[in-house]
Each structure stands twice: as structure tokens, then as C-alpha cells.
Amino acid sequence: MHILYTAMRFGFFSVEGLQSGHLITVFVSVLLSTLMLPLLRTVGLRAFSMASESYSSGTHSAAFVTCPNEQVAKDLARGMVEKKLAACVNIIPKITSIYQWQGKIEEDNEVLLMIKTRSSKVSALAEYVRSNHPYEVAEVISLPIDQGNPPYLKWLGEGVPE
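Quick note on our numbering: the sequence shown kicks off at 1 and runs consecutively.
It should be emphasised that the hints constitute simulated quantities derived from the structure, not laboratory data.
Please note that the accuracy of each hint is not assured.
What the hints assert, rightly or not - Straight-line alpha carbon distances no greater than 20 angstroms define the calculated EDC-like cross-link-like pairs of lysine to aspartate or glutamate that follow:
#1 94 <-> 70
#2 104 <-> 70
#3 94 <-> 75
My request is simple: use the sequences and hints to build the entire structure.
Below you can see the structure in the form of C-alpha cells.
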């Protein structure tokens with residue numbers, strides 16, 4: 001009732017207004033505001049946490065490797081994660097690659113690996129792929145990660161130590 005008294009004192013509404021149903025409106029508004037406070041606090045803290053994490057552009061990279069089949073893809077992916085060359089490897093099945101090889105246009109069904117790693121580990125990752133991949137010339141390309149979800153990038157860095 002202290003809130004109602006203060007509102008009346010500053011002229012927000014009169015006693016007559018309270019009698020005509022405004023009391024219910026004020027009560028519902030105060031109740032909803034009180035109930036929303038924990039939710040707004042949680043959302044605000046999460047937004048602050050995401051904004052306050054620092055990330056240096058290019059610290060991490062996304063690398064791509066094509067594989068002839070799912071078993072080769074799984075074996076390579078598991079080895080990369082076990083050796084801490086990658087924090088996560090997504091296996092994307094059923095891609096079609098069209099390329100030129102030994103003077104002929106080729107078309108093959110392949111599996112794509114999308115690898116998240118530290119940029120400083122790309123050379124070691126490429127060496128691992130060359131040593132374990134069945135292709136004569138294995139594709140290993142990488143792109144630096146400019147931005148991302150700070151908690152995810154932090155997790156990625158923890159999973160692939162320097």
C-alpha cells in the first residue's frame with residue numbers, strides 16, 4: 001500500500017480513480033513488474049557475460065576436409081579430437097564434389113568435415129590429415145574465425161590447448 005500512497009501523493013491518480021477500478025490496474029502492474037524482475041535480471045546478466053568476454057579475431061579457425069566416406073570421416077574426426085587438434089568436428093554427409101583431377105573433370109560423393117580448432121594448430125592438423133587420409137592429395141583448408149559466441153569460443157580454446 002506504500003506504493004499506492006506514494007502514487008496518490010504525487011498526483012498520479014486520485015481516490016475517486018481508485019474507486020473506479022484503477023486499483024486493480026495498479027495492483028496488476030505492480031505484481032507483473034515484481035514477477036518480471038528475476039527474468040529481466042537473468043537476461044541482463046547473460047547479455048553482460050557474453051559482451052564482456054574478450055576474443056581476439058583469428059585466434060581460432062574453421063578447417064574443412066573432404067573424405068571419401070563416412071567411416072574415414074569418423075576415424076579422422078575422432079583422431080583429431082583425441083589428439084586435441086580440434087575441439088569439435090562436424091561430419092556433413094552426402095556432398096557432391098566436382099573437380100579437375102589429372103586432366104579430367106570428376107564428380108564424386110563425399111563427406112565434409114567442418115573442424116573447429118586454434119589457428120596455431122592448423123599446420124599440425126594438416127599434417128595429421130596427410131598422414132591418415134586415403135587421398136593422394138587431401139583437401140585441408142582453413143578460415144580464421146572473426147567473431148562468435150564468446151562462451152563457445154572460450155570452450156573451443158580450452159579444448160585445444162596451445
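Okay, the hints, checked on the actual structure:
1. 94 <-> 70: Given pair residue 94, residue 70 holds - Cα atoms ~9 angstroms apart, limit 20 angstroms.
2. 104 <-> 70: violated, 25 angstroms
3. 94 <-> 75: Holds - the C-alpha atoms of residue 75 and residue 94 are around 17 angstroms apart, at most 20 angstroms.
Hint 2 alone, counting from the list given before, is not met by this structure.
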